[in-house]
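**Q** Spelled out, the chains give:
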Amino acid sequence: MALNPMDIYKLLPKTNCKKCGEATCMSFAFKLLNREKKLEDCKPLYEDKKYERQRKKLEEMLKPLEEATETGLIVDESLCTGCGNCVVVCPVHVEKDPKGAAIGNGPTIDDPILRVEDGVVRVVNMKACRRYGKNRILCVVCRENCPSDAIRFLEG
Amino acid sequence: MMRFSKFLKVEAEIIVARHALVMDETKSKAEPVIFLHPEFARKSGVKEGDVVEVEASGRVVKLRAKISERAPENGGLIPNGIYASYLTNFDSFKRFRASIEVSEGEPTGVEELLGKIKN
Amino acid sequence: MICPGCSCLCDDVHIKEGKVFNACRRGEGIFSKYKENRAVARVDGREVDADTAIEKAVEILKDSKNPAIYGLDTTVVEAQKLAIDVAEKLNGYIDDNSSFCLGELVEAVLKGEVPTATLDDVRDNAYVLVYWGTNPYHSLSRHMSKYTYYPRGKKRPRGYDEDRFLVVVDVRKSETAVLAKKNAKFIRVDDDAELVDSFIKVIDGRAAKYAKEAGMVINEMKKADFNVIFGGLGLKYGLKDLNKFKEMVKKLNEVAKVYFIPAGFHGNMRGFNETLFERVGYVNRYSFRDGRSDEEFSFTELLKNEKIDTALIIGTDPVYSLPFEVSSKLGKIKTIVVDPRMSFTARIADVVIPSAVSGLEAGGTMVRSDGIRVKLEPLEEREVNDVYILSRIKEGL
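Chains D, E and H supply the protein sequences, listed in that same order. Okay, so the first sequence: first residue is 1 according to our numbering, each after it adds one. Okay, so the second sequence: first residue is 1 according to our numbering, each after it adds one. Okay, so the third sequence: first residue is 1 according to our numbering, each after it adds one.
Derived by calculation from the structure, the hints in this document are not laboratory data. Using N, Cα and C, we set each Cβ at its ideal position, and we do this for glycine too. One thing to keep in mind: the hints can contain errors.
Unchecked claim - Capping the alpha-carbon separation at 25 Å, the derived lysine to aspartate or glutamate pairs in DMTMM-like fashion look like this: (1) E:K118 to H:E278; (2) E:K29 to H:E278; (3) E:K116 to H:E325; (4) H:K394 to H:E278; (5) H:K209 to E:E73; (6) H:K19 to D:E22; (7) E:K116 to H:E47.
Unchecked claim - Per the computed footprint, the stretches of chain D lying under chain H, defined by three or more beta-carbons under 8 Å from a beta-carbon of chain H, are: (8) 82-94; (9) 107-119; (10) 143-149.
Please model the entire structure based on the sequences and the hints provided.
**A** Set out below in structure tokens:
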């Protein structure tokens, strides 16, 4: 399910018009994935009717990106049963919530990274996640212990 | 993928298990679904979303096929519920053999099964 | 709040500003949808008021020659006790879902035939965790994260990848089997009896089909002083004879400390087993007129063999969950359904008595799968609940 720049590039105008501020459409595709640019920055896509089909496809493709957090973590709620593995196994939770999530209960701290709400897991405070920020590390513990692959990390 | 024939019946191993994503606590509806292993689906020409006829113990229901790697490799999984109960018996409560065939129309409605118990 | 959704009976659920915290998908569904598809009092399809329905039920039960009471695994111990009183007054039969579920294994636990422990003990101490014929991901969703594999424990402070060893036994690669990665083993079996036999043979130093797998698990178990097996429906139906399984557990305990905890689904199945056991010395399928328990007195056998003329069905949905060869007989007898919802059985029942959702609209005691008793405090109190209904029926008889 990982989006790659090529898939996006194929649907762009490919004219290198530079209206988005990038030198090439390929570069724009990369920046889109990194969320440094928004689809709306590509003016021709929105102003020229001949790109309507492509624009719609791109919007569909990029939808999960909108929902993704800074850490590139998305939860597919349709697969989530609220088992809580991700909440309990998170090393940050273990450290910060030793009497709560670390021992299997719902988080007792106000700002956990993840929490089961309304029966599915939701991101609450992604800043605390080890994948975020200057000293980010490639922690994948929550994804590794999700029995239904409901948690995905975006590439790029 | 070329389907050999619409009337290709394939033998399958079916297991019955709870499925949290299709359980309805309110009992207002029952989900007519069967989860087929991708290998089995490929072999039998069933695509995601197809309606299939599942026959076991001389009884038949139509269910909507979904693909899942969690199903047994040579068959499928039917969630606990009125459809599984209709097909199974206590000897083989959680695991039985059935034949599966791509079908047309809509999945069997609950009313039809209720009618077989009391009309 | 305590969630009554399954035998985990999670006690850390709370509701704030309409949002349900910590309950799994199924549990949350109970809290957020408890007002949906409610049962409506009916007699022969006509809508009546609850008291009329109760009176009609009493009338039918009085006229009945062979009445049976069935269900009770989703209601509180206080109601289960009343149901047993009613069965006694009727000189009839009483049974719950455990007679085709894990009754035998719960009985073995209650009689001390297999050693058992609490889930809190498991969290603090257990090294090898065996999930045999159960897929908690769907049936007991928080089991592994709240009690067993994932939480840190007093003697297991380093977490699942260093301090625990997960073993999953199943006929297919379930979601739980997917989790058996590092320091873990998924044993795919076609015939559970062969694996049970292999464990026994390996301890005796003999060859066996699954000698490698069983040997490996036993070696891991020997490393620690606390290991546990959770058995579910897959185990029960995978083995024709559960005695062999009990023998295996005893044999394992010759070489390592291994406990057994039943992984039953229903919130208060163990409560019924314990309550009936205290009363008559049996966990299920009891006949008051015969003064004993027997397979022939299980609700499913009675119904299949057309031995009863009336069924009082409490908090369960046999049309939905019993095989057709059994449920099809429901149309031939008088059925009285006591349920908060318009279940599938209620839709064909002769009498429907609407009740409260246990744990949300009615308080009481439930017993967790490991035997720990919990007291449920409801969100609101509904007058017509299982205890009220069963008391009225008992008075009327």
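**Q** Do three or more residues of the segment 107-119 of chain D come closer than 8 Å to chain H, measuring C-beta to C-beta?
**A** holds (count 5)
**Q** Verify this for me: three or more residues of the segment 82-94 of chain D with a beta carbon less than 8 Å from a beta carbon of chain H.
**A** holds (count 8)
**Q** CA of K29 (chain E) to CA of E278 (chain H), is that 25 Å or under?
**A** violated, 38 Å
**Q** For a C-alpha distance cap of 25 Å, please report whether K209 (chain H) and E73 (chain E) respect it.
**A** At roughly 21 Å apart (the allowed maximum being 25 Å), E73 (chain E) and K209 (chain H) satisfy the hint.
**Q** Is K118 (chain E) within 25 Å of E278 (chain H), Cα to Cα?
**A** Between K118 (chain E) and E278 (chain H) the Cα gap is close to 37 Å, so the pair fails against 25 Å, i.e. violated.
**Q** Starting from K116 (chain E), check that the Cα of E325 (chain H) is at most 25 Å away, please.
**A** Given that 25 Å is the threshold and the Cα spacing comes to 11 Å, the pair holds.
**Q** Do three or more residues of the segment 143-149 of chain D come closer than 8 Å to chain H, measuring C-beta to C-beta?
**A** holds (count 4)
**Q** Taking 25 Å as the top limit, are the C-alpha atoms of K19 (chain H) and E22 (chain D) close enough?
**A** Answer violated: K19 (chain H) to E22 (chain D) is near 44 Å, above 25 Å.
**Q** Holds or violated: K116 (chain E) and E47 (chain H), Cα atoms, limit 25 Å.
**A** holds, 23 Å
**Q** Hey, K394 (chain H) versus E278 (chain H), does the alpha-carbon distance stay inside 25 Å?
**A** Satisfied, since the Cα-Cα distance of roughly 20 Å is no more than 25 Å.
In the structure shown, a violation is registered for the earlier hints numbered 1, 2 and 6, in ascending order.
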